[in-house]
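Read top to bottom, the protein sequences are chains Y and V. Terminal number for the first sequence in our numbering: 432, no gaps in between. Terminal number for the second sequence in our numbering: 235, no gaps in between.
Bear in mind the hints are in silico, worked out from the structure with no lab data behind them. Keep in mind that a hint or two might mislead.
[To be verified] With a straight-line cut-off of 16 Å between C-alpha atoms, the simulated EDC-like cross-links for lysine to aspartate or glutamate are: (1) Lys53/Y / Glu31/V; (2) Lys210/Y / Asp183/Y; (3) Lys112/Y / Asp183/Y; (4) Lys210/Y / Glu187/Y; (5) Lys53/Y / Glu38/V.
As the structure is a computational prediction, the values presented were derived from the model and not from experiment.
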Amino acid sequence: MRGLSGWGNYPVSQAQLLAPRSEAELKRLITESPSVIARGNGRAYGDSAVGVPTTLHMRHFNKMISFDATTGLLVAEGGVLLGDVISAFLPRGWFPAVVPGTKFVTLGGAIAADVHGKNHHKDGSFRSCLDWVEVMGPDGTVRRCSARENSELFNWTAGGMGLTGVILRAAIRLRRVPSAWIRQQTTPAANLDAAIEIFERSADATYSVAWIDCLAGGDKLGRSLVMLGEHAGLQDLSYAQAAQPFAIPRASRRTVPPVFPSFALNRFSVRAFNAAYYWAGARKAGRQITGYDSFFFPLDALLGWNRIYGRKGFAQFQCVLPLDSARAGLRALLKAISAAGQGSFLAVLKRLGPQDSPFSFPMEGYTLALDFPVNRRSLQLMQDLDRITIAHGGRFYLAKDSRMSRDTLRAADPRAAEYAGMRQMSGLHPSFQSAQSQRLSL
Amino acid sequence: MTKSPVLILGARSDIGLAVAHAYAAQGHPVHLAARNAGSLETRKTDLELRHSVPVTLHEFDALELEDHERFADALPELPGIAVSAIGFMGEQGESENSPAAAVQVLRSNFEGPASILAVLASRFEQRGSGTLVGISSVAGDRGRATNYVYGSAKAGFTAFLSGLRNRLARKGVHVVTVLPGFVATQMTEGMDLPEKLTAQPEEVARAITDATAKQKSVVYVRPVWRLIMLIIRNIPEGVFKKMSI
Ligand SMILES: Cc1cc2nc3c(=O)[nH]c(=O)nc-3n(C[C@H](O)[C@H](O)[C@H](O)COP(=O)(O)OP(=O)(O)OC[C@H]3O[C@@H](n4cnc5c(N)ncnc54)[C@H](O)[C@@H]3O)c2cc1C
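Make a model of the complete structure from these sequences and hints.
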């Protein structure tokens, strides 16, 4: 037993971490343990990949199995990182169709959370690029499921947070890209209305995201930098870049000291950081050619940045609000945050497109995500944000959650009760449980 | 420019596989040699898919000494780099009580690896180029009560590599001795290793590709081990006898 947590280092639970090396061993652990949960690369913020007590680390299931260079279909094991997929196939002109904000996630984790990228409004969530998934169930049987075959299992597995079984293998479709560069357009938005207007105007953009200064108030409420991106074609690149369109100079890696002094993180430094970031971005506004890494995964260059929040860890709040109440809801959320003075280094706003899968997070509307160091005041604030979200018909992202209550989830998302019912009926519940699923009675 | 092929001996081990990935990522074709090589088929596909390099599988048993010449002859080509990741820790208690178990550990960590590297060494010498990499262990730096059978075999292997390096230095052949401290592998799974001192197999692999590129002779994967072992080696025997480390 050891203390185990997610990316936010909060909460820490006592868990047993086992790393099976074969399907036979995996089967034995699933059938012999009272309950288990799979863990990918631990990038979910909270306790969704923490078992009570048995956690199955899937890192040994990390082989690529086949690739069809005509269709871009990659078959690989659940423990393969999206970053590995990118290193292997981007040089050959292929890129995952959907990527979250870090490439250090496993296929299993991306499927279980049904992650969304900056292109959700256009291309949907991760499941839209999934051909099939193979899942090991409570009795150790491996079932292949897809939109056509065992479709119920498929539907609940994508977005099911590991609670339908262990994802062994998956077939994902990669997309062809002309280069490893992104043509980025950055536009400052003076407030929330301006940001929303840019998003609504930019429905055609492949990628879009806004970084939002959540400490600005008054008529600057929601001040942000909206970034749009397209895969750059050869005509967009300089002569040197076009000569080797998939070769990107490696960004330097920095490691954050083990525990960042907490005095460095207070409302003044966060406010200063946010303002500086906004003005730096506003000055650089316009078009730019950037490497895929800095466009999609800016935080990955700073290894271990989760430690800047100190020993107590941090929590992320991420909700999505339906289109028609998004403006009012976001305004209310931002007001509450700005009034509490509990800023966040990372506040991200995104326009999501339609999504009709049974338990995945996205819905058509706007999603807001922010980090808070864990303390009494921020936990209180997040509860206020929960209430505002529910009042505006929104829901919460389980991959980021570490603190919600069962009732909050039930109030926000009627699908939760349905999911829990399905798990009981199909006998999944006794075998697959995480600290999160217990907290939320899933 | 095509890169020279790399032969991995003991390719099923976590370190062997990590080394294979590290070289393949640099564009080297890879020959994987291990017992029951056919079962490495999925590893071969994985390496080929990820790195777009040719990978071949070769049946190899470090303890079948009589077979080592034939094994080397049967390789599709003489590799530019050969890495021995062969090793077997055994259980110290078992090694103390069963001479057969102890011999198994001695042979797996010393005799077998030394034999195959000797075979390759003479071929490299004849060609006048190449790099031989032996993965030994800091456990060979001083025998300790808790694992001296394994440690003594590694000590023998370390001395062998040192001699080989000395012999081949003027023949254009380079020999690298790699001394990992604790590494998180199948061999050490379940052991309670100090996190700060424990390397991942990928780290060992990086140390090896670096060492071959820079023609280093003896590398401690985590530099702190050089210091730790310097201290342990210099504890007077009279004191050491009474310690349990
Ligand atoms: C910097 C950062 C940015 C992020 N940006 C985004 C973003 O833009 N969009 C987004 O959607 N998410 C985002 N995330 C969240 C992240 O994509 C998800 O949490 C993802 O699930 C993490 O994958 P993982 O492999 O680390 O899984 P873990 O964190 O280890 O596990 C997450 C969940 O997946 C399950 N799981 C993992 N492997 C398996 C398996 N083999 N079989 C069954 N279940 C499994 C676990 O049980 C758990 O429920 C971000 C996270 C970070 C740290």
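So, going through the hints one by one against the coordinates:
1. At most 16 Å may separate the alpha-carbon atoms for a hinted pair to count; Lys53/Y and Glu31/V meet this at roughly 11 Å.
2. The straight-line distance between the Cα atoms of Lys210/Y and Asp183/Y is roughly 10 Å, inside the 16 Å bound, and the hint therefore holds.
3. Only pairs whose Cα atoms come within 16 Å are accepted, and Lys112/Y paired with Asp183/Y is rejected, the gap being roughly 22 Å.
4. At most 16 Å may separate the alpha-carbon atoms for a hinted pair to count; Lys210/Y and Glu187/Y meet this at roughly 15 Å.
5. The suggested pairing of Lys53/Y with Glu38/V holds, with an alpha-carbon distance near 11 Å, which does not exceed 16 Å.
Consistency with the previously given hints fails for number 3 only.
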